[in-house]
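Those protein sequences? They're chains B and S, same order as listed. Our numbering applies: residue 745 is where the first sequence begins, and numbers increase by one. Our numbering applies: residue 50 is where the second sequence begins, and numbers increase by one.
Fair warning: there could be bad hints in the mix.
Said to hold, decoys possible - One-sided excerpt, in silico: chain S residues whose CB lies under 8 Å from chain B:
#, residue
1, 157
2, 158
3, 200
4, 202
5, 378
6, 465
7, 482
8, 486
9, 487
10, 490
11, 643
12, 646
13, 647
14, 650
15, 659
Hint data in this document are derived by calculation from the structure and do not stem from the laboratory. Computed from a prediction, not measured in an experiment: that's the story for all the values here. By construction, the Cβ of each residue, glycine as well, lies at the ideal position given by its N, Cα and C atoms.
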Amino acid sequence: MFKDKLRLFILENFLFTEDQSELEDDDSFMEKEIIDSTGILEVIEYLEEECGIKIEDEEMIPDNLDSINKVINFVNQKQKN
Amino acid sequence: MCGIAGIINYADGVPPSDKLVSTMLELIQHRGPDTYGNYISKFNHLGHARLSIIDLEGGDQPIYNIDKSVSVVFNGEIYNYIELKSQYLSDYPFYTFSDTEVIVALYEKFGIDFISYLNGQFAICLYDSKLEKTYLIRDRVGICPLFYFQKGNTILFASEMKSILARNQLTPTINLPAFSDFIHLWTPLSPDTLFNGIKEVSPGCYLEVQLDSVRNFRYWDFTYSSSTLGSLREITCQLDSLLEDAVNIRLRSDVPVAAYLSGGLDSTIILSYLKKNGVNLSTFSLTFSDEQLNEEKFQKEVSSHFSTRHNSVQAEYQLIADNFISTIWHTETPLFRTSPTPMMLLSSKVHDKGYKVVLTGEGADEVFGGYDIFKEAKIREFWSRNPDSLWRPGLLRKLYPYLDFTKINSSDYLKQVFGHNLNNTDDLLYAYQTRAKTTSSVADFLLKDIASEMDNNIENKVRKKFPVTSGQYGVFNTAQYIESKTIMPGYILSSQGDRMLMANSVEGRYPFLDHRVIEFAGNLRNSLKMNGLNEKFILKELVKDRIPKAVLKRPKQPYRAPDIKALMYSKNNQLLDYLSESEINKNHLFDPSRVNKLVKKALSGRAKSVKDNMLFTTILSTQIWMDKFINH
């Protein structure tokens with residue numbers, strides 16, 4: 745499931761752990777300081793590569809990218825369209 | 050500059066073997082390779098390793114007064130020694146032409162208050178055998194280092210901490226509360242160091258050591274007001290003569306003087322004064338293969354404009370990696386960035402070309418408000434007056450064009466990054482919250498038992514340490530004050546300054562840190578420093594007709610060097626070995642599993658963010674530091 749893969753990507757690359765308890769699905773990446781300002785670009789790069797989507801400038805907003813659930817909803821929406 | 054080391058108040062009045070001070074001096078021979086000198090009395094042993102710059106024949110130290118009741122060893126320069134001689138000491142029977150003897154003579158005339166007459170950079174040990182007092186004195190802003198270790202009333206002192214660790218005088222252990230300061234502010238809060246037991250004499254302070262007491266006194270500090278009145282023209286004229294004199298007295302030397310040229314405003318201003326005074330000069334610059342970091346175009350333009358004999362060093366990845374361990378040996382502290390290493394490569398070139406002295410532009414950003422962090426604080430304060438504004442946080446986007454995140458076209462992200470504690474404008478660390486949030490993420494890699502010993506309420510610690518109150522100076526001047534009291538002496542002037550210069554026996558001289566310039570700037574209204582978001586406004590006004598327009602108009606580019614990209618180039622992965630599970634376990638600081646994941650990310654080429662680079666460099670350099678100093 746992509747959600748598990750995404751979760752592992754965030755855990756390993758930003759929290760440097762495999763401990764699932766360190767990340768809830770609704771945790772805000774920025775507020776919880778999981779991903780810093782420059783790290784958002786890494787997430788975007790990852791999503792474009794993994795999901796074969798192209799994320800437009802105006803879509804790079806916290807509503808789409810700031811938690812596991814938000815990313816999954818956003819990617820699902822993009823793929824539907 | 051030179052190196053000093055010694056022992057004050059032998060325990061039980063029994064002098065230790067002469068070899069201790071000799072060993073202490075040998076460890077800092079790079080600071081003073083020319084001659085050694087010693088003074089041994091009933092109570093003290095003072096040692097000096099000399100880098101001969103003024104009075105090459107007669108200036109060997111210690112220097113004494115007539116009856117030898119006052120003796121001095123000293124690292125640094127007293128730039129106004131000629132004026133002091135003619136103004137106050139015309140009858141004094143000098144036996145040398147050195148600036149050191151002026152210290153002795155002034156002390157005889159004014160007592161310890163003589164310090165306030167000095168214009169220079171200095172770390173002094175002065176022993177008055179009649180009063181049985183020894184003074185350890187450090188310059189106002191912390192250009193020259195001075196460390197000590199107190200055991201009872203016996204004090205070991207030295208220019209570098211490695212001397213104090215010589216011959217097992219002290220078992221080195223890491224000072225965890227100071228490490229906590231370090232991961233928030235890039236430096237421990239003075240007088241603490243990262244070694245338990247070793248302290249520094251804080252900038253602007255001196256220690257008075259007697260047989261039964263050790264007391265610390267502050268003789269100078271940064272202050273801010275808007276008391277200087279006058280038109281822009283009048284104020285610019287005053288600053289012009291002050292800076293010209295600050296540069297000129299820093300040319301006093303019996304060996305040739307060169308200058309660093311970064312390609313930015315500050316070093317260019319110094320060159321403009323040198324040119325005005327007809328100095329035929331060699332300049333030295335760093336270049337990088339990464340276009341983002343390279344300032345070569347500006348360096349060449351300035352060099353050509355002022356007709357200097359230009360030299361440059363290309364800081365290749367391999368060179369940075371090969372010299373990183375040696376860098377840590379000299380800085381005696383872990384680093385957040387590799388930036389000091391190229392500075393060591395540069396001083397090596399200066400040394401190879403036969404120079405011992407360089408003029409350099411450090412201090413202008415702190416004194417005249419040049420750093421982006423000051424702008425960031427100003428914008429955040431402006432935004433805090435209308436937190437719902439969409440336009441106000443957008444100003445932050447202009448600040449860091451070299452950071453990737455500004456490519457993201459969403460104000461919501463800016464709000465999340467910079468909106469933290471937006472309204473706490475009275476915090477002493479208001480300007481530092483964003484940066485500290487990134488750097489303190491090193492704490493997430495610490496083992497739980499280590500992390501529990503850290504005190505992360507850095508705002509509280511800073512409040513206890515510094516004699517300013519919240520709101521006393523306003524956001525902009527408070528940021529200037531904190532910068533000048535923490536990162537400037539603790540990183541810019543030490544890890545990136547003195548240590549990288551002295552590693553190759555080169556002395557740095559800093560006209561912008563002449564205390565008259567600092568005090569003048571401290572009394573200017575802020576709009577003359579940061580005009581809107583135009584940094585160092587008064588300096589630009591001053592030189593607008595004297596320096597190339599391209600330099601005047603270019604956006605400020607902070608000096609940076611490649612981090613992970615360069616560190617990956619170490620021979621046989623020598624540097625990565627420091628991050629192996631066994632090495633991490635040996636030092637018992639970091640969680641090996643997390644470090645392993647960071648290394649994997651770095652090896653994959655995906656660790657590109659500021660945070661990843663900072664984490665990798667800090668953890669690696671801490672491991673090297675532990676290996677060289679704690680477990681050695």
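Evaluation of the provided hints:
no., hint, result
1, 157, "57 Å, violated"
2, 158, "57 Å, violated"
3, 200, "41 Å, violated"
4, 202, "47 Å, violated"
5, 378, "28 Å, violated"
6, 465, "4 Å, holds"
7, 482, "12 Å, violated"
8, 486, "6 Å, holds"
9, 487, "6 Å, holds"
10, 490, "7 Å, holds"
11, 643, "4 Å, holds"
12, 646, "4 Å, holds"
13, 647, "5 Å, holds"
14, 650, "6 Å, holds"
15, 659, "5 Å, holds"
In this structure, the hints that do not hold are numbers 1, 2, 3, 4, 5, 7, in rising order.
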